[in-house]
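Participant: Okay, here's what each chain looks like letter by letter:
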Amino acid sequence: MTDAHAHDSSQYYIPHHSAWPILGSFTLFTVMWGAVFYLNDWLGPWVFIPGAVLLAALFFLWFGTVIDENQRGIYNLQVDRSFRMGMMWFIFSEVMFFGAFFGALFYARVLSVPWLGGSGVKVFTNYILWPHFEGTWPSNGPAHVGGRDGSFSVMNPLGIPALNTAILLTSGFTVTMAHHALRAGRRTPLAIWLALTFLLGFTFVGFQAHEYGEAYREMGLRLTTGIYGSTFFMLTGFHGLHVTIGAIMLTVIWLRVMRGHFTPQRHFAFEAVAWYWHFV
Amino acid sequence: MAEPHAHAAAHPDHDHKPHGWRRWVFATNHKDIGTMYLVLSGTMFFIGGIAAICIRAELFQPGLQFFDPQFFNSLTTMHGLIMIFGAIMPAFVGLANWMVPMQVGAPDMALPRLNNFSFWILPFAFTLLISSFFVPGGAPAGGWTMYPPLILQTGAAFPMLIFSVHLMGMSSILGAINVVVTIMNMRAPGMTLLRMPLFVWSWLITAYLLIAVMPVLAGAVTMLLTDHFFGTTFFTAAGGGDPVMFQHIFWFFGHPEVYIMILPAFGIISEVIPTFSRKPLFGYEAMVYAVASIAFLSFIVWAHHMFTVGMPLAAQLFFMLSTMLIAIPTGVKVFNWTATMWKGSLSFEPPMLFALAFLFLFTIGGFSGLMLAMVPADYQYQDTYFVVAHFHYVLVTGALFGIMSGVYYWLPKWTGHMYDLKLGTWHFWLSAIFVNVLFFPQHFLGLAGMPRRIPDYAVQFTDWNMVSSIGAFGFGLSQLMFPYLIIKCIRAGKPAGARPWEGAHGLEWELPSPPPFHSWTTPPSDALIARGAAH
Amino acid sequence: MTIRETLARLALTAATGALTLPASAEESGWAQLNMPQGVTDISRKIYALHMEIFWVCVAIGVVVFGAMIWSLIAFRKSKGAVADTTMVHNTQVEVVWTIVPVIILVAMAVPAARTLVEIEDTTKTELNIKVTGFQWGWEYEYLDAGVTYYSHLDRASDAARELGSRIDPDSVPHYLLNVDRPLVVPNGTKVRLLITGADVIHSWWVKDLGIKKDAIPGFINEAWFKVDDNFTGMLRGNCAELCGRDHGFMPIVVDVRSKADFDTWLKSTAAEQKQAAAPIPPAAPPAAATAAAAASG
Ligand code: HEA
Ligand code: HEA
Ligand code: CUA
Ligand SMILES: [Cu+2]
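Residue numbers (the working numbering), protein chains in the order written: chain A, 1 to 280; chain B, 1001 to 1535; chain C, 2001 to 2297.
So here's chain A without its partners, still in its complex pose (with noise of 0.2 Å):
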């Protein structure tokens, strides 16, 4: 990757003009307008549905005409490289993305919850300010923001949070042996290894969302629980958007595998998807 490797341009595909990039960013603009819309109740979520459903649909649509492209068999190595390496940076950005809500949960655990309660340079901050507070973690803030008039609970981590680590950690070795049954070319294996890694991933989701009706429910622990529901919604909330996302794609390869796409040779799409799946 460090130094160019030996290719003929004359071979390489460069498409013709597209109306998928246009379309794309104007249906991304209508998702947020529509967002803006419905957060300022002007028009209520009635800009937003069109526009994201426009949007989902057009990515179908444009990586349909990619994948067509690419069943015509007119990429060659480079192009496929291309792609690979914007995936990954792709998902080296996602990590970053993370990186900023767990930096929030480092300073709200190491810095400012125990500021709070006085220690380091914020003596008179405790003193004055929040008199008896101690920072301990968890914490939803010297006023007892949100929760059970003020009071939450904590997720038990040995309950379904532990199972659903197991799933995604099973689901990580399927989708491995997914990969090593299209190499092989043996495509039954393959198609059953990955229905079982998506499946897994639905699951996942599912025993996710009951978590979060409990911690609503019983426990106090909202969103708008402190720095403690904030931190913990927002991280693991993300982290279940991009698991359902990875389902999707995941089912999408699948049918493509059912349609016999995909050479143990070349696929990309594949690869990608499964290093976005190792990714969440």
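Among the clues, some could well be false.
Some chain A residues close to chain C (C-beta under 10 Å, calculated; not the full set) [to be verified]:
(1) 121
(2) 122
(3) 141
FYI, nobody ran anything at the bench for these hints, they're computed from the structure. No residue lacks a Cβ here, since even glycine has one placed at the ideal position from N, Cα and C.
Use these hints to put chains B and C with the ligands onto chain A, whose structure you have.
Facilitator: For chains B and C with the ligands alone, kept in the frame of chain A given last:
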């Protein structure tokens, strides 16, 4: 694994290009997309500039003459956002689109459709941002730094701000990915990493910075959004959060961001100075390492924007020292540029003039930056016009002059026409003089105690504000020459040869001017590459 | 004042090198161009540091710009200069111009660090004042004396600053740098400020004290100063963190008195505030209305 693909059917109609509006809207060609980026950037520069002119008009005299303070704050905020995300960054992406494929010997960018997608997100993003002027509560007025809790007081414009920032972020990330992949995967055989022109190098590193920090900004503004609408308390002490937490996350993005806005300019300068000194760049490898270490350091200096928030002593000391370190690699670059001119054979066409102004004025901006890094002194400078002077020296006479130098350098290549050199020289001298009239006095204002982001000031600041405003009008008006010159060049310039600057090296000059629709349909020969990489 | 006057004065400045201003007598010409030395030990140390860095940068500038200008003059094509294309790098010089800056930087960092350590030492303070920034003004609370009051932009400036008020700012004494009730402090005393914000982030900045500290809602930052024993008088500053519509209109005035005068003042005010039926009505400051407007707007 590089087994050439069996039926890699090259597209038949390879060099035919679509015509009319389709050519632009459906574009997949790196030059067309590059042009669109540059046009957008120019437009945004003028819009942001008009905001700046309004600011300077209000500050011409003490007392409020034109605007309500709230609206003034909106002007400042929008000026900052539009100039950074609308003028400077798209200009660099546009230049990358035009030049990187040519300079590495590729036919186009690696992911052409994605390329067009990243571009078209931007006009929509700015429509969203700018239309926030017309919603109840007016445009965002919390400063481009968007600090909570103040920014949470924004009216209906709030979600528009957040989502436009999200869009700009997406666009930059996708654009950066495209640049990285192009450089890593599309180089012609024989174009080894250490043969790449410095513009390509600095863009490669800039792209990494973008991919690393734009998502962090997205995360930060997402937290603002949920704090505002969904009751999270990331930035509220009562809930265990901290307003300062936002500043840490923001500046973790924000400081690399400022280098994102200067590194490509460094690259341009490193192309222009050797050309017009008719002498290879001095210390090529040192330059590469310098850029790399600046990029690395930029991740560990962020809190130098926050010395007054009451951080623990150790933190303040750490960020002071790490910040000062950046002077060293930057110094290496300045010295190498100087050494490149030393014993050269210099001539002073517009690109060189702007590069020289960059050399002097960016260094001045760097010096003031270094002064700002001294924590005790920064307690006096912070949030005054001294800071405003600092960052305009690095941004206007740094980033912007770098861009202008680049445009003057490559314009003949793009259009195939030579522009009016005399007019360009005039544009340079007017800009260079007025920009100093505009920003130098702001050092005095800051030291004398004038805070930034204020619509009205105590009378003892009147004199230098008047001078600064006069400079602003002069500088602004001189910029009108730039589009005029470019249009004149496209319309009626005399034909320019493939290599209009005798001292110019690099693959782009081996192509005819204007270059073919798909730059290098067959990879350049090793001889050509060697001739280009003359160091 | 008209542009002509200003330009005339600036021309004169160029000649004499000192500006003289009608409105603010105590502003000497130099105060127009540089940081004030201030009235505390720390503020003078900061000033000294500022000048040191400044001259270091000037020195480096002379060398670097000198080299640049020299090459611009000596190596022009028009003067028939021929490029020495063999000069592509030279390890010795490159090492030198990496090491030398390091040394310079260390030389700058040491005094900076020393001053900083001193600034951060808030022990042995004799008087504690809680400072709360709000949209848009300051609240001062003398913790040990039970004295509390608000401080806003003074009426005269407030009238003159209205959009299209035909009042000439020059006619207003200390335009935008005057308040209805200044913060009163004794000289020769180590005073600690406990700074916080009520609504958004503000920043308490008085340059003559060498203090700028952010006022962050929900947190308290400490800062301290010790005014020279013999100094008495008014010190003026501003809010230094964008805090909304009237950020530019919440000045700070510190009234420095002798220890004795200060004590009498504190006693009398304490007495007043006690006998005033209710302690001090936390009457929403006039600004609060506009604050609400900004918030809801
Ligand atoms: C292109 C953008 C750019 C660049 C390149 C820089 C470069 C630097 N900046 Fe700047 N900065 C900004 C854009 C930029 N900055 C912006 C936009 C803000 C304000 C944000 C806001 O609040 O709105 C800001 C604010 C800012 C602050 C915060 C001020 C405050 O709010 O209190 C600080 C503090 O340390 C700082 C420091 C520096 C330093 C040390 C450098 C260094 O990289 C400079 C290095 C260069 C040199 C030193 C000169 C050349 C070197 C030599 C000739 C070698 C010899 C020199 C020595 C040994 C001294 N900058
Ligand atoms: C990145 C680039 C960038 C650029 C290029 C500029 C360019 C300019 N900026 Fe910049 N500025 C910032 C980035 C930039 N700025 C940032 C980040 C801030 C901080 C914002 C904040 O505090 O949140 C800021 C803040 C800022 C302030 C402080 C505002 C405040 O604190 O309240 C001021 C005040 O003088 C100012 C002035 C100018 C001027 C006069 C120009 C000029 O160079 C502009 C010249 C261009 C034109 C004028 C347009 C072209 C000409 C025409 C359209 C013709 C019509 C012109 C006339 C009739 C004269 N800017
Ligand atoms: Cu208070 Cu600015
Ligand atoms: Cu910075």
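Participant: Give a verdict on every hint.
Facilitator: Tested hints:
Among the interface hints, the one on residue 121 of chain A holds; its C-beta lies about 8 Å from the nearest C-beta in chain C, closer than the 10 Å criterion. Below 10 Å, beta-carbon pairs count as interface contacts, and residue 122 of chain A has one with chain C at about 6 Å; its hint therefore holds. Hint status for residue 141 of chain A relative to chain C: holds, with the closest Cβ pair at about 9 Å, below 10 Å.
No hint from the list above goes unmet by this structure.
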